[in-house]
Amino acid sequence: MTEHAIVADGLLKRYGRVTALRDTSFAVTKGTITGFIGRNGAGKTTTLKIVSTLLDADDGSCRVLGFDVHKEPYAIRSRIGFLPDAFELPVTLTLREYLGIFTELYGIPRGDRARRVETSLQLTRTEELAERRLHALSRGEEQRVGLARALIHNPEILILDEPAAGLDPHARVELKELLRLLRERGKTVFLSSHVLADLEEICDELVVIKNGSVIFSGDIAGFRKQMHSTTRWRLSAVTRPIPLPSNFRGEVIGSGPTSIEFEGELSPRERARWIAELVAKGVDVCELAPLRSTLEQEFAKAVEEEEEQEVAAS
Amino acid sequence: MIAVLHYALLKSLRDRSLAIFVLGPALVIAASLFGATIAEGGLRYPFHVSRQMSAAQNAEIIALILMFFVMMFGTVAAFWTFRPEVVTKTIGSFLMARRPLTVALAQVTFAAAVTFSAWIAGILTIAALTSALPRALGWFALAAVVAALAAASIGALVLTISPQPAMVLWAFLGCTALLPLLVNRAVGPKLLYIVPVMAILFTAVSAFLLERRWAS
Chain A
1 MTEHAIVADG LLKRYGRVTA LRDTSFAVTK GTITGFIGRN GAGKTTTLKI
51 VSTLLDADDG SCRVLGFDVH KEPYAIRSRI GFLPDAFELP VTLTLREYLG
101 IFTELYGIPR GDRARRVETS LQLTRTEELA ERRLHALSRG EEQRVGLARA
151 LIHNPEILIL DEPAAGLDPH ARVELKELLR LLRERGKTVF LSSHVLADLE
201 EICDELVVIK NGSVIFSGDI AGFRKQMHST TRWRLSAVTR PIPLPSNFRG
251 EVIGSGPTSI EFEGELSPRE RARWIAELVA KGVDVCELAP LRSTLEQEFA
301 KAVEEEEEQE VAAS
Chain B
1 MIAVLHYALL KSLRDRSLAI FVLGPALVIA ASLFGATIAE GGLRYPFHVS
51 RQMSAAQNAE IIALILMFFV MMFGTVAAFW TFRPEVVTKT IGSFLMARRP
101 LTVALAQVTF AAAVTFSAWI AGILTIAALT SALPRALGWF ALAAVVAALA
151 AASIGALVLT ISPQPAMVLW AFLGCTALLP LLVNRAVGPK LLYIVPVMAI
201 LFTAVSAFLL ERRWAS
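Protein chains in written order, with my numbering: chain A, 1 to 314; chain B, 1 to 216.
DMTMM-like cross-link-like pairs, simulated, lysine to aspartate or glutamate; straight-line CA separation at most 20 Å:
#1 Lys89/B - Glu142/A
#2 Lys301/A - Asp219/A
#3 Lys225/A - Glu200/A
#4 Lys176/A - Glu142/A
#5 Lys89/B - Asp56/A
#6 Lys210/A - Glu200/A
#7 Lys89/B - Glu88/A
#8 Lys71/A - Asp58/A
#9 Lys30/A - Asp219/A
#10 Lys89/B - Asp85/A
Calculated directly from the structure, the hints in this document are not laboratory data.
Nothing here was measured: the structure is a model prediction, and the numbers come from that model.
So here's chain B without its partners, still in its complex pose:
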């Protein structure tokens, strides 16, 4: 699995997609905070969404928005990184050397790691711009790990179903439906168990489809 991760890392560093996936959500958050602050009456530090709320409350609202973008970018990372290999069936050369499950697992692990890194970059950006961290940061971090796993496995599954670029929309829809449940503190804890099981299942199906796609 390390070899596939090494390949993905090297490739995404070279084509600069890694920088976009990791820093993209943070940049979106920074841009939206910047716009909201100006709209609220002028560019003044710390940035905020609403002047009526405390810095921590502002940070919490922005952290929720960050989670959405992190999932979107994570889905694209899972879909995009190995898309050329799936389209051209070059993934077959990996499958000659390693079992399909190992390749699929590496694909999901890479995208999940990228997604969680994007969340960390986003939270640091929020902290820097709002001068506060959201309350219950631990809960947010846990939700981010689960969101990263979900986004990565959904993106990988959709890619193996069809590598057509429009297919990523289905992954977006899946993540968008999952997100409100994930950040809801009444429902979220149950998802901490369900999502990993779902990710394992999706990874197994991806592995099966990878082999089928290559042979076709």
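The following block holds chain A by itself, in its conformation from the complex:
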């Protein structure tokens, strides 16, 4: 049976007249990396704050590791590591001192503190920053320091709000590696991000939110299925134009002098038959390759479909 680290059910949150969340329900499976996608103002940060016990929902319930966020916030706080989208570091302290303070704050026994600091430094590859004061750090270094702090008490769940924002490609690769490593160690990671390509690479599950409502919660394959994604294909020849077969089932998206792109489901047998047919006609076929749509395209499509449904309903 699937064990859930986070279960939100029917969350409602209003800020005055603005409804930030309405009937928001989703679940995050233990030991997975779950991405939280939505446009700006969709309700991602509000949801993360509710899950992290910083904010009370007006209605609905949310349980983290079986604890109710409203009734048992302190039991949850000690078991999660939360990294907000923006944070500051004390510029006069060294990283080792900073992490040392947090080992004290979390009540880690005196004998274990140094080891815990070392583990956190190694995990986040911040050993070289350990004796440096926390000023003039790059965005990537700041983010790694923030993660080192969030991991210091060995939390079961890591909640990250836009951790990839402002990171250069190298730092993003490092972040992804770290998150994969944490998953291998059995941690649950719940992160929001605008960099959907990164989420696609590392996430096992997705929660998609739009205007305060969750429109999808599940694995990425399920999301593609819900979006009725069809695979896009590219067929290329070296010199000759490509004629369509008589029984072609699909939609041509674009074509060039010696290539076509189309959407449709082609079985391996159909592909083999088509290539043989083209070769028999003297077409010098060199490639028939699937072009999967990106998560970004799927997300845009999901949002568009929702908007169309809303327009139709009104």
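Position chain B against the provided structure of chain A, taking the given hints into account.
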């Protein structure tokens, strides 16, 4: 609470604010005694405010002025030390690890300890420059403990209401209103009971506001 105190101590040592909060009132007192002595007819030891008064009387008047500055600096210490953490909501990382009341209590304890240390430094300066201690030093010390508690809790409360620098003015006004009552030996003893209760109340409100401010 020790961890938050450790953090505050380390941070204020590094940015040198601790030295200013602890030694500031003593320096102000030394400067004013220096000026008053010159104005009274030349720089002559022991320093004094008025030549017509005894050394002990001079020390007593200066000790009253010291109390005012100690409260002002104490308020600023409570307001300033955790101000960056409140402004940037970094205080949230403390609240993930410890309950808000613990954090607020540490904030007030740190500022109160700094304020009382400033009073000790000030009294030592007075003793050195006037060659006398104020009479009823015990009463002054007790009043200083209560003043430190009041200044720290008012500063902490004002910070959690709003970390805007201008807000510290309200804390100054609160301390200025409290000070004459505190050093008045007829009213002061009653305040020995009232101020700690007020400090506990202010600390509890600060804790509540800290959590709210972080979540907003």
